[in-house]
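Protein chains: 2
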Amino acid sequence: MSKHMSEGEDPDFIKSLAKGLAVIEAFGPDAPSMTLSAVAQKVGLSPGSTRRVLVTLSKLGYMTYDERDRRFHLSARTLQLGYSYLASLPAFSLIQPRLAELSDRLDESCSVMTRDGREVVCIARATAKRLQRDYMSVGTRFPAHASSSGKLLLGDLPPEEFEALYDGTKPLAAVTPFTVADRPRLKTQMEEARRQGWIYTCQETALGMASLAVPIRVGGRVRYGLSTSATLTYDGPTIIDRYLPDLLKAAEAMERFLETRN
Amino acid sequence: MSKHMSEGEDPDFIKSLAKGLAVIEAFGPDAPSMTLSAVAQKVGLSPGSTRRVLVTLSKLGYMTYDERDRRFHLSARTLQLGYSYLASLPAFSLIQPRLAELSDRLDESCSVMTRDGREVVCIARATAKRLQRDYMSVGTRFPAHASSSGKLLLGDLPPEEFEALYDGTKPLAAVTPFTVADRPRLKTQMEEARRQGWIYTCQETALGMASLAVPIRVGGRVRYGLSTSATLTYDGPTIIDRYLPDLLKAAEAMERFLETRN
Numbered sequence: 001m002s003k004h005m006s007e008g009e010d011p012d013f014i015k016s017l018a019k020g021l022a023v024i025e026a027f028g029p030d031a032p033s034m035t036l037s038a039v040a041q042k043v044g045l046s047p048g049s050t051r052r053v054l055v056t057l058s059k060l061g062y063m064t065y066d067e068r069d070r071r072f073h074l075s076a077r078t079l080q081l082g083y084s085y086l087a088s089l090p091a092f093s094l095i096q097p098r099l100a101e102l103s104d105r106l107d108e109s110c111s112v113m114t115r116d117g118r119e120v121v122c123i124a125r126a127t128a129k130r131l132q133r134d135y136m137s138v139g140t141r142f143p144a145h146a147s148s149s150g151k152l153l154l155g156d157l158p159p160e161e162f163e164a165l166y167d168g169t170k171p172l173a174a175v176t177p178f179t180v181a182d183r184p185r186l187k188t189q190m191e192e193a194r195r196q197g198w199i200y201t202c203q204e205t206a207l208g209m210a211s212l213a214v215p216i217r218v219g220g221r222v223r224y225g226l227s228t229s230a231t232l233t234y235d236g237p238t239i240i241d242r243y244l245p246d247l248l249k250a251a252e253a254m255e256r257f258l259e260t261r262n
Numbered sequence: 001m002s003k004h005m006s007e008g009e010d011p012d013f014i015k016s017l018a019k020g021l022a023v024i025e026a027f028g029p030d031a032p033s034m035t036l037s038a039v040a041q042k043v044g045l046s047p048g049s050t051r052r053v054l055v056t057l058s059k060l061g062y063m064t065y066d067e068r069d070r071r072f073h074l075s076a077r078t079l080q081l082g083y084s085y086l087a088s089l090p091a092f093s094l095i096q097p098r099l100a101e102l103s104d105r106l107d108e109s110c111s112v113m114t115r116d117g118r119e120v121v122c123i124a125r126a127t128a129k130r131l132q133r134d135y136m137s138v139g140t141r142f143p144a145h146a147s148s149s150g151k152l153l154l155g156d157l158p159p160e161e162f163e164a165l166y167d168g169t170k171p172l173a174a175v176t177p178f179t180v181a182d183r184p185r186l187k188t189q190m191e192e193a194r195r196q197g198w199i200y201t202c203q204e205t206a207l208g209m210a211s212l213a214v215p216i217r218v219g220g221r222v223r224y225g226l227s228t229s230a231t232l233t234y235d236g237p238t239i240i241d242r243y244l245p246d247l248l249k250a251a252e253a254m255e256r257f258l259e260t261r262n
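Chains as they are written, first to last, in the UniProt record's numbering: chain B, 1 to 262; chain A, 1 to 262.
It is possible that part of the hints are untrue.
Said to hold, decoys possible - Within a straight-line C-alpha distance of at most 16 Å, the following computed EDC-like cross-link-like pairs (lysine to aspartate or glutamate) qualify:
| # | chain 1 | residue 1 | chain 2 | residue 2 |
| --- | --- | --- | --- | --- |
| 1 | B | K129 | A | D69 |
| 2 | B | K129 | B | D116 |
| 3 | B | K187 | B | E160 |
| 4 | B | K129 | A | D107 |
| 5 | A | K59 | B | D116 |
| 6 | A | K59 | B | D10 |
| 7 | A | K59 | B | D12 |
| 8 | B | K129 | A | D104 |
| 9 | B | K187 | B | E161 |
Honestly, the hints are just simulated from the structure, not real lab data.
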């Protein structure tokens, strides 16, 4: 059971709400459907507790039960929970066409990412049409320190906030063998990115992929990162030459929308 | 308070979990941030109950509180709840590039929709790059009877399931003045769509927009609708001539992925 679910000291903390959300998050690509006991095991709850959560989520329409294999799976209703967040973002409806245009011009997939603690989350994505599959979508997360946008977002934090965020955490995770997992090197990288207003990273998030990201500022702070991911067909300088001008122009247009709607 | 939140008779129903999910869903484009009392009023809960829910969601990272204006807003963590569903869908990573390719070829926005009760939900979207803004994104919902994909999905239901779904419901909502809100006419429309394997609708979901949709079948059932939305620059027959062949081809490719991964 996670730290949060056992915060028994606080009378205002509703444990059953925490359990319910943990059950929803337990589903995913590695577990698209689960039996009651598999859910209980994965989330670390008693079978009785798990049953009540699954019954409640099913009654509310967030979960479906298949009698044939006795497995539960999430239903499309759960999308409403994430959509509430996306629809709350100012100017969200204006950003997607700009992203589609950018992806089409570069013939590469493009993303808008925001930071959530020590992770970055994709909030908008345009997929390159020539791809076989897309390794990320809206909602995909990566460790912030391993992501080009993440390094821009972390680099905008006051040093004390950065230290507090990573205080007491174990060594930084190496998502690939190329992830900069060494703090002094990460800080140098963040500082350079902040100075030049963009960042190029190579295979830090996924093998075979380079990434180029620029900041999207709202109210003087870096609130989002706009990035394009390119397969390593070109070398770094070529990617920067080809993509940076369009990336900067798109970020500027998005900033304009976000500032006026903020 | 909604019906579900007051299901006090069932000892297995966790009311506080229902309250928490209702609070998350209360946020959106019309209410991107709210004070405690605004949340309480919108969801129909007592201030004390609302406070405990907001405190819990904040501790878990789904909510942020801004001291300056005393308002709560959702944080990017909530995206994880919807993402768990999307990532559970088989072949999801294969569908997005096909959708981007289709959108590029037609120069129109394209969507994959699924049914959730009496609504359809967008699970994948590729936005036309020439648009100023996009009126829908992953997670957007429409009444199923007012949507081209929805009519295909409803038309695949056995008649008794259709009747049960709309049993006792009030007259069908007219999303626009052109929505087919008359049941006999809706059934004729659904039947024709099923017979011909596609549907063209005009301004039923949004004014000024026509829509063309084809079914995506998995295991012999219509599980998704693939649609393109076009502004009414062309007349109906032109839209059908221009877009239907590519739409059918893309749906066939998606069916192939989904069948093999099912």
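Results for each hint:
1. Among the hinted pairs, B/K129 with A/D69 is inconsistent with the structure: their alpha-carbon atoms are about 43 Å apart, more than 16 Å.
2. Taking the CA atoms of B/K129 and B/D116, the gap is about 29 Å. The hint is violated against a cut of 16 Å.
3. Distance hint between B/K187 and B/E160 is fulfilled; the C-alpha atoms sit about 13 Å from each other, no more than 16 Å.
4. Proximity of B/K129 to A/D107 is assessed by CA-CA distance (about 13 Å); at most 16 Å being required, the pair is judged to hold.
5. This hinted pair checks out: A/K59 and B/D116 have alpha carbons roughly 14 Å apart, not beyond 16 Å.
6. Distance restraint check for A/K59 and B/D10: the Cα-Cα separation of roughly 11 Å lies within the 16 Å cut-off, and the hinted pair is therefore satisfied.
7. With a CA separation close to 10 Å, the supplied pair A/K59 and B/D12 stays within the 16 Å bound.
8. Among the hinted pairs, B/K129 with A/D104 is consistent with the structure: their alpha-carbon atoms are about 8 Å apart, no more than 16 Å.
9. Taking the CA atoms of B/K187 and B/E161, the gap is near 13 Å; set against the 16 Å cutoff, the hint holds.
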